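With our numbering applied, the sequence shown closes on residue 229, and no number is skipped along the way.
Read the hints as simulated data drawn from the structure, not as lab findings. The structure presented is a predicted model; accordingly, all values stated were derived computationally and were not measured. There could be a bad hint or two in this list.
Stated by the list, open to error - Each pair of labels, with its calculated beta carbon distance range: (1) 194 / 18: 37 to 43 Å; (2) 185 / 53: 40 to 46 Å; (3) 35 / 204: 28 to 34 Å; (4) 51 / 223: 19 to 25 Å.
C-beta: ideal position from N, C-alpha, C; glycine also.
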Amino acid sequence: MRKVIQLGLNDIRLTLKDRQSIIWMMLLPFFLMWLFSNMHFGGGSGANQVSLSLVDHDGGWLARAFVEELKDEQISMHEFHPDSLALVEQRVRTLHIPAGFTEGALAGEQQTLELQKEPDTSSDYSMAAEVHIIRTVVRSVSRLVEMDKNAMLGGEDPGASFIAMAKREPLVSLNVSSAGIGQALPSGKEQSIPGILVMSVLMMTVIYGGVFL
């Protein structure tokens, strides 16, 4: 046991004599803790917005109401004119509402929305955008069915009636809560400080122990 203590004291003495050890054993771990605690990854608690560009080739009241229905706090939406040059420069994924959308939909004709995606676009974000668009289509169609049933499509301002229906309280709501006993995965400083500390102690112990031996 005495020899083990002597070896440990000798390692401490050699470490204190090595000026570079101050950087590797003291400054670097604190820098890594600060760096990783300020980095944001997909698994964090903060929600990132999905970028979606929109081009309305129709301009009818149903197309405008559909655009309003698409707006959401999780969607960063930018509207462009069909002839806008900014569309080519800024778009990541672009949704096109075809010409004659309002007239065709009210006449019962099938309408096709086109979602264009850049080759390097994130597939996860694109899938989230597709889900949001499909949900908007379902809600819009259900309101059109209700308006048709109540003879509201032939009114003076069907667009206002459509928007008013969108602002109603939902008949069915979903309340999500945690069941049982669980702990949230650590992120930010809660994850980086102990993680970097353990990694630094292990790495420096192996490296400097090997060097001194």
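Hints and how they fare:
{"no.": "1", "hint": "194 / 18: 37 to 43 Å", "result": "violated (54 Å)"}
{"no.": "2", "hint": "185 / 53: 40 to 46 Å", "result": "holds (41 Å)"}
{"no.": "3", "hint": "35 / 204: 28 to 34 Å", "result": "holds (33 Å)"}
{"no.": "4", "hint": "51 / 223: 19 to 25 Å", "result": "holds (20 Å)"}
Of the numbered hints given earlier, the model fails hint 1 alone.
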